[in-house]
Amino acid sequence: MWEQIAANRRKSFVLVMATAALLMALGYSLGEYFGGRGFGWYGLAAAAVVWLIMTLISWFQGDQVMLAVSGAHRIEKEDLPVLFNVVEEMTLAAGLPQMPAIYIIDDPAPNAFATGRRPETAAVAVTSGLLRSLTRDELQGVIAHEIGHIRNRDIQLMLFAGVLAGAIVILAEVGLRGMWFGGGRSRSRRSGGNESAGIIAVIAIVLAILAPILARLIYFAISRKREYLADASSAVFTRYPEGLASALEKISASAQRPTHATRATAPMYIVDPMLREGAMAAQGSATHPPVGQRIQILRSMGGTDFGAYQDSYTLATGKKGVLPPSALTGDGGVGPRTAATESAPAGEASRRNLARQVDDFFYRKGGYDRIPCDCGTVLKIPPDFQSSHATCPRCGKEHSLKS
Amino acid sequence: MLIVLLIILGVALALIGWFVGVYNSLVGLRNQVKEAWAQVDVQLKRRFDLIPNLMETVKGYMHHERETLEAVTQARSAIGGAGNIPDRIKAEGGLTAALGRLFAVSESYPDLKASQNFMALQEELTSTENKIGFARQFYNQTVMNLNNKVQMFPGNIVAGMFNFQNETFFEVTEEVEREAPKVKFD
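If you read the sequences in order, they're chains E and V. Mapping of the first sequence onto the working numbering: residues 1 to 403, in sequence order. Mapping of the second sequence onto the working numbering: residues 1 to 186, in sequence order.
The set of hints was computed from the structure by calculation and includes no laboratory data. Do not rely on the hints blindly, as some may be mistaken.
[As the list claims (entries may be wrong)] Computed spacing ranges between beta-carbons, pair by pair:
#1 I53(E) <-> A114(V): 55 to 65 Å
#2 G100(V) <-> V378(E): 30 to 40 Å
#3 S108(V) <-> A6(E): 49 to 59 Å
#4 H389(E) <-> Q116(V): 23 to 33 Å
#5 R364(E) <-> K45(V): 25 to 35 Å
#6 I57(E) <-> D111(V): 54 to 64 Å
#7 N117(V) <-> Y363(E): 19 to 29 Å
#8 A349(E) <-> E35(V): 49 to 59 Å
#9 T314(E) <-> S108(V): 19 to 29 Å
[Claimed, not checked] Taking lysine-lysine pairs in the PhoX-like style, the calculated list, with each CA pair at most 25 Å apart, reads:
#10 K45(V) <-> K59(V)
#11 K11(E) <-> K365(E)
#12 K90(V) <-> K77(E)
#13 K59(V) <-> K113(V)
#14 K77(E) <-> K149(V)
#15 K380(E) <-> K397(E)
Ideal Cβ positions, reconstructed from N, Cα and C, are used throughout, including at glycine.
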């Protein structure tokens, strides 16, 4: 795994430096355009300050930013015991130094991501739609995939890429708006006589238009290989590749797309949230391999180690060498495991149990009162309920409410 | 003459460097095994602590299952008597089996199964069993990394000099419960 870790470190560094170059070029040309001759250096200095702040934010607060823009809420063990237990189980399987913080996003589209700068301070976020639609084994597969990203240090690179790309897009947008509405001072001051001002204006416009495209290009630094490695890690940690395979099937079959996902955060998710259904299964995207292929590789694995995943990958794609060599040596000879909820009814029961815990969590969060009725139903009273009595919908019993 | 001396010095330095590297990686691997076992131990201890609670809850419902209950209590106390890791692993396996029987028997007590207390305990114990399994999986991987380094050339030279031992795998099934081959270098 160390090649992957080293590659992620190297790419993070290149990414930060490339952003610096891009931002300063943008700052210089915008400065020349708006401020006139000689103001480019002020623009450059301003861009350097912006870059420094952005980098510091990604380094110290990046995960918090990512979680905030995704609308994630932190949860504890009492809130969702099953989810908490599953994350703890996978932390142990991966031998992570510390259990990641767990977040839930209230979104019907099933998806998940991991973020954080280091494994010690990582976080895993899942949508409520994911918890409502998966069985315990499927959830375990998804969580193991995310824990795989944490262990392989993919999260750091994705974090930098997300924050920096997002910031560039915003800055370029501001610059462009300024040009359309404000115009350049240089134009009015030197009435078209200066040729270099015109050239710089063109450069500024071109750069401002190109910046978002360049920001998108950053993501080509993030290869699809990290998704394959995380899938393989999931199979190794759970020793039950079918769990992740059928979870991916459910996620890609869902018609819903996460409402909070943006172009900047899309590569973090387990399944690319920006793709339409057909494209997702068949082609994938720059950052995510096609889901259909990922499922096929998982399903035709002959064992549950990295070697089995590699063989299955070669069989499915005709290509070789998707996993780093260090993953293939020192591979534990641990055999497959029978799932906890192998049978269909047991799986359905575990899914219902998960869904109920999610509902309970959001009812509690919304300030609902819970009144257990003798017939076994639990009445959920909204905080703005006016009447002093509530009738059980099942047995018709009257309950008086405390004000 | 000077060149020969320098070459000898260079080779000696390279050898020492290599030696230090191998020694340090052996120490690192051994610490990893210890750390991984500590994780297993935390979960085993948690299960150990949950059992009195479970017995208290179950007692009131299961009047005809004295043997099953006693088997669990006995298996639990056997763990306290186990000294070294291989004995401990055996004793823990006994407890896993006894608990499995208890949960199987509990299927025929609907009142017990409906009890909130029992449901919460069952989720905790089932998840703890899972955690033991996953922690064991990671422990075994670290043991294999260490054993490979201890047994394979040239690591075995350094391992023999400083008495690095093979560690025991944590296996649960009976047929794989055989002694790991002990390699001696003295």
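These are the hints, each one checked on the structure:
no.	hint	result
1	I53(E) <-> A114(V): 55 to 65 Å	holds (58 Å)
2	G100(V) <-> V378(E): 30 to 40 Å	holds (32 Å)
3	S108(V) <-> A6(E): 49 to 59 Å	holds (57 Å)
4	H389(E) <-> Q116(V): 23 to 33 Å	holds (27 Å)
5	R364(E) <-> K45(V): 25 to 35 Å	holds (31 Å)
6	I57(E) <-> D111(V): 54 to 64 Å	holds (57 Å)
7	N117(V) <-> Y363(E): 19 to 29 Å	holds (23 Å)
8	A349(E) <-> E35(V): 49 to 59 Å	violated (36 Å)
9	T314(E) <-> S108(V): 19 to 29 Å	violated (50 Å)
10	K45(V) <-> K59(V)	holds (22 Å)
11	K11(E) <-> K365(E)	violated (40 Å)
12	K90(V) <-> K77(E)	violated (31 Å)
13	K59(V) <-> K113(V)	holds (13 Å)
14	K77(E) <-> K149(V)	violated (39 Å)
15	K380(E) <-> K397(E)	holds (14 Å)
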